[in-house]
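Required output: the full structure, derived from the provided sequences and hints.
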Amino acid sequence: MSTAETKAQTVKERAGYALNNEFLRNAVKFTTERLRLGKKLASEEHGNWDAWRERGRQIRLHTIAHLDYYLNEFAEQARANGAHVHFAETAEEAVAISLQIAEHKSAKSVVKSKSMVSEELHLNKALDSIGVEAVETDLGEYIIQLADETPSHIIIPAIHKNRYQIAELLSAEAGEALPPDTAIMAGFVRMKLREKFLEADIGMTGCNFAIAETGSMVLFENEGNARMVTTVPKTQITLMGMERIIPSWSDLEVMATLLPRSATGQKLTVYMSGISGPKRELDADGPDEMHIIIIDNGRSLQLGDPEFQELLNCIRCGACLNACPVYRHIGGHAYGGTYSGPIGAVLTPALNKNVAEWDDIANASSLCGACYEACPVKIPLHDMLVSLRRRKIEAGRGDKLEAMGMKGFSAVMGNAKRYRSVVSLGKWGQKLVVRGGEIRTRIGPLKGWNSYRVTPSLPKHSFRDRWPEMEQDIRRTSGTMDPVIADRLRERLRMQKSGKGENAHD
Amino acid sequence: MFVTCLSDALFPRVAESMARLLARYGVQLEFPEIQTCCGQPAYNSGYWEEARISARTILDAFDDSDFVVSPSGSCTYMIHHYPDLFKDDPVYLDKAKALQSKCYEFTQFLVDVLGVTDVGAVYPHKVTYHPSCHGSRLLGVKDEPMKLLSHVKGLELVPLPFAEDCCGFGGTFAVKMADISGAMVTEKSDHVLETEASVLVGLDMACLMNIAGNLRHRGEKVQVKHLAELLYEGVSVHEHS
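Just so you know, the protein sequences line up as chains A and B, in that order.
When you read off a place in the first sequence, starting at 1, and then add 1014, the result is the number in this note's numbering.
When you read off a place in the second sequence, starting at 1, and then add 18, the result is the number in this note's numbering.
Quick caveat, the hints were computed from the structure, so don't treat them as lab data.
It is possible that part of the hints are untrue.
Cβ-to-Cβ under 7 Å is the rule here; a few derived chain A residues that face chain B [said to hold, decoys possible]:
1. L1033
2. G1318
3. N1377
4. C1382
5. R1403
6. R1404
7. M1420
8. M1427
9. Y1433
10. G1443
11. W1463
12. V1468
13. P1470
14. F1477
15. M1495
16. L1507
Small disclaimer: the values here were computed from a predicted structure and weren't measured.
Ideal Cβ positions, reconstructed from N, Cα and C, are used throughout, including at glycine.
See the structure below:
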């Protein structure tokens, strides 16, 4: 990527770039708002959304718990269908396999339908290095490729661009000024890509779901380009994360209900294609040769990890990005990795063995839980972010000053008397900075906070200072308990003790 | 009463309003003084050992209480993390499970446990409500405050646009990622101002301190209150007039 924000080393610096870019923030807000409203309406209209989320979660939990079994079944079935199945442990291996196929076919050009795994592998650059032209054919991804950037959203890669910026990019490609009119711009891309489809030697796609029982791949798309990519070129390559599996076509029904509604608010995408192997004798079209590359690249590290295994349940709908109030303000590039938003903040460090380089993105969250609420398979991303922070501290990579602060925190909070004397001390100390009951100084730890806010001062008496007197007063004036309320309390107490209280389930 | 360190030290009127409201229904209140902080700042930052030291004061404080009530959804939800936090400590694990089954956020206790939806308050003002994330999303407190507000006489409730969006507080997030947090709270305040309400009400003083701090910083006059304060004020005015 060539843009300034990715040269910045920390999430804070990268976010700073986004926060100062009004175009970017408005473009991201505009589209995420549209998508999350769409999802809200679609899930409400569905009627039993939470029950289906739970079904989806159970399917994913089961599949991942038995991933070795289903991967074997998938590979056997796909081979029986006539596809070549390759397993790649690392990104490098997956790239090497792809390049070998391209060289073996003496390919000059590859048409691609969007694949986040391909982004993970930085495959376009690798293909370019052996003289193979890779052309992205999803409209958004095509725009990003022209801009020489990376996707800033899992399903809307060009979400950070507005139509005027897009018109500029397309005009440069067209050699003439195109108006910022969606229909005209899409028409130009359509015409341009039609040539590319026809001359391509290889078609390359990702994979939304892989069906173990028949060795089939399922693609969800709205533009029809994935169908072109999978039928026109003579050779077809599917890149697939090893966790994309679901056991059966009946499980797909649940996923096909959850994915489009969560992603865009659609009941179903315009095209949903199931592909089982290369062209057969009676088929009118389709590739002569088909390769499926199943990629690990850090995924299997999550297997058996009680805090992170559920990450593999993700169906890449992007709903957590659209719901995230942090993503809304900083966009996807600020996260620094292939995957952005809440899922990216957890997935990127997890796939990269929790190395120190990715420590800071777990801090780019207020832990509001909007991601968890939006997730169609209920991945507890907010808890995972806390786990990442804890692992960093346990690995001894915490900030020294913060560690001292936390030691101080526990020393004070571990004992109510000490806590009370610190609050009293604070009342004396704050006299230096309080003006009219407020603190506005921007020194020390208050710098960031007070740049946007004022801080209230400690009142003369804390609650615990006042309680003895208040308690006397309350006892004097307290009402008598209504027998109905007394009954309710007794019933509640009984429920609590038998473990049936409403709080017991959590 | 689990009053929370924030309400104890900075916003004693919130805990007092909660106490005085509950006392009206004959609830016998205690304030075990050994309680300090739920430990959330340390827990969320990854310092679980430090969080445990602070959390033990909460676990020790309420052994003898039948019900534990708190004026914060976020601090109440923190108690739900205790069984995980103390999973390797059998003594405190038992205490954690016991506390989890008997702790309630203020409106949960008032509405769901006591069955009170009309406290008899009068509050003739235009009010908007911010549902704090941990209370509404994770603890599931959504209808309770609405029921209470809908019964306040004279109160005009105006919906807050994008109400469910986080205000940007997030504990240490507001310090570590000050500019992102600043952008979030600025947008939240914009939405509050859009409603033209004279009062913003909520259930978590941390979030309200954040939003109020930004509104004051901008010189805005909107009052910011905890729902317990609003209700108690509404009851007191009513009775003294």
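- Structure-inconsistent hints, enumerated in ascending order: 2 and 10
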